[in-house]
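Based on the hints, put chain B in the right spot on chain A.
Below, each chain spelled out in residue letters.
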Amino acid sequence: MTATRVLVVDDELGMRETLCDILQDAGYEVSAAHDGTSALAEVQGQAFDVVLMDIRMPGPDGVTVLQQMGPPPPRVIMMTAYAVEDQLRRAMDAQAFAVVHKPFQVGYLLNLVEGAAESPS
Amino acid sequence: METTEGEAAADTKRGALRGLSVVVLVVLLLAAVAAAWGTRQVVRDQEHRLLRERTSELNVTLQTATGAVQSQLANAGTASRLTNGSQEAFAEATKGDVATTPSLLTEALLAPSPDNRDGFVVEAAVGSTLKAGDIVTGERADTMRTAMAAQGKLAASRVLVTEGAKSLGLALGPPLAPPGHVLFRETKVAPAGQSRTASSQPFSELNVVLYASSKPEASQAILSTAHLKVPLKGDVVSQPFKLGVSPWLLSVSAQKPLVGTLAFRTPWLVLLSGILGALLMAYLLEVVLRRRDYALALVDERTTALRSSLAALESAQEQLVRSERLAAVGQLASAVGHELRNPLGVISNSLYLIRTATADNGDERMQRHLGTAEREVAAATLIISDLLEFARAREPIVASVDVAPLVDEALEVAPPPEGITVSRQVDGNTPAVAADRDQLRQVLLNLITNGYDAMSQGGVLTVATSSTNGTVSIKVSDQGDGMSEETRSHVFEPFFTTKARGVGLGLAVTQRIVGAHGGNIAVDSRPGAGATFTVSLPVYAGANGSVSE
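Here the protein sequences line up with chains A and B, keeping their order.
The opening position of the first sequence corresponds to residue 5 in this note's numbering, with each subsequent residue numbered one higher.
The opening position of the second sequence corresponds to residue 245 in this note's numbering, with each subsequent residue numbered one higher.
These aren't lab readings, by the way, just hints derived from the structure by calculation.
Idealized CB from N, CA, C, for every residue including glycine.
Just so you know, not all the hints are guaranteed correct.
Said to hold, decoys possible - Simulated DEER-style distance windows between Cβ atoms:
#1 A/E118 x B/G714: 23 to 33 Å
#2 B/A744 x A/Q71: 46 to 56 Å
#3 A/E118 x B/A572: 35 to 45 Å
#4 B/T742 x A/E33: 45 to 55 Å
#5 A/Q71 x B/E662: 45 to 55 Å
Next comes chain A alone, as it looks inside the complex (with noise of 0.2 Å):
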């Protein structure tokens, strides 16, 4: 059984490498990206079960960038350090998986990427 690939896409470079350590740790086969764009062409260069992603980035921002991947959609989790109601609401109406508050504990982080990763597609 191949390794579960996760996507980290953030613009800042210490949440984006913590989180490539702490997933690399968990067994998981990380890429990363740092803004919409360059998270688009990793998306279309190969497929990941899960990818986890900032909401707000310079240039097409995590929703802009979870409704112009697919088909098929990878399961996105996303994540915002901005508790916004109409941005929560467009994220979930853009079929993300989940969405994460910044600061969050690492180990409910852990189980939603496991749920996603077994989720049905």
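For chain B alone, kept in the frame of chain A given last:
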């Protein structure tokens, strides 16, 4: 203050104005009385003048009547003179008088008595009281003596009373009587009031009394109209009435006003209409003044209302400015809060990586420091979450949330400090609630960290869940000092805090979130007996996000 002074001034003005209408009333009443009095004087003068004129006319008429008597006597005298004192001729000349005048008692021709110095001797007579040869003395003789000296003018006696009957004597001397003789006639005087003036007669409107005296003596009244009390009262005109040489008196008053009843009542009409006019004027003035007062009061009232609405407007404006400032501060706070969440997230992730990397080396101090760092990051995160929630309340995005793992996560994020143990009494069969996971997590973190803070001396924090009738209850109990009634009543107010540190938003935000979920939060606490917060939330009913009843 201004309003009170204004009202006082208005009251004073009103008092003065009421006085004005009273003054007007009094002045107009006085004017009415004066006009009535003046009119009365004019009418009385007119009445008196008319009465005087009528009296003069009556006087002339009566003079004419007495002239006839004089002529009769003179005729008798002429007859006597021509016949040189013949008894027969005198009787012949006077019998007509006796026949036509029922009141005539006697008519006689007399001469001074040669025997009696004061008396007169009857030479010829007709009628009942005297006969030839009688000697007449007394008042009758006095009248005859006056006539002898009167040069042919009549002389009248006063009223003579003979055995209760009243009579009047008239005497006429020379030259109408034969020289050295006197003619005498005596007539009955009707009792007062019996000689009447019929209403058709020209003087019917007058009360008339004729006195055989120059003074209005009742005993000398020889002629009067019906039912009169003699002497007359009221407006009486008395004129001297010359009967020959005797000074008589004619007294007249009016039965009815000579100027006419209406004219006579004019003063009263003037007075009445004056009073009515004065009352009407005062009333109208009062009405006008009252209207003015009402208008003034209305203006006062409106002014006060305007002032108060202006004040309300000003305070609303201040409120607006204040809330705008607050909103600006809130905006800043939420911007800063959001920006801090990213670094906190990175720190949190880094701490996780450090903890997993150092888990094997058994350095207990390192692990304790890591725990402290994690707790502080969680505390900072909670403060920011509360601030953001308070600055811009977010409607919950409701989904099915299992309570048990959320409690575990909250306890993991906020592990108990040293000295405090957690008693977790969460029923695994607790149904999922309809909630915004992130917001419910914030509620649990607030209640749990509050519980820790309440137990500075250590103790047990109990987190328990239960469910009944579509409601899930989450109880968080501490063994701290408890709350006074006063504290408990303010505990959900924003910025209210009893802690040394903290903003005081936790419970306010908690209550708001629970309310937005259609739930309920209650606190039970007594001083020294700890505190229990109970959150009740509706059970999740379906995928369409509807909340169960």
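Here is how each hint holds up against the structure:
no.	hint	verdict
1	A/E118 x B/G714: 23 to 33 Å	holds, 32 Å
2	B/A744 x A/Q71: 46 to 56 Å	holds, 49 Å
3	A/E118 x B/A572: 35 to 45 Å	holds, 44 Å
4	B/T742 x A/E33: 45 to 55 Å	holds, 52 Å
5	A/Q71 x B/E662: 45 to 55 Å	holds, 49 Å
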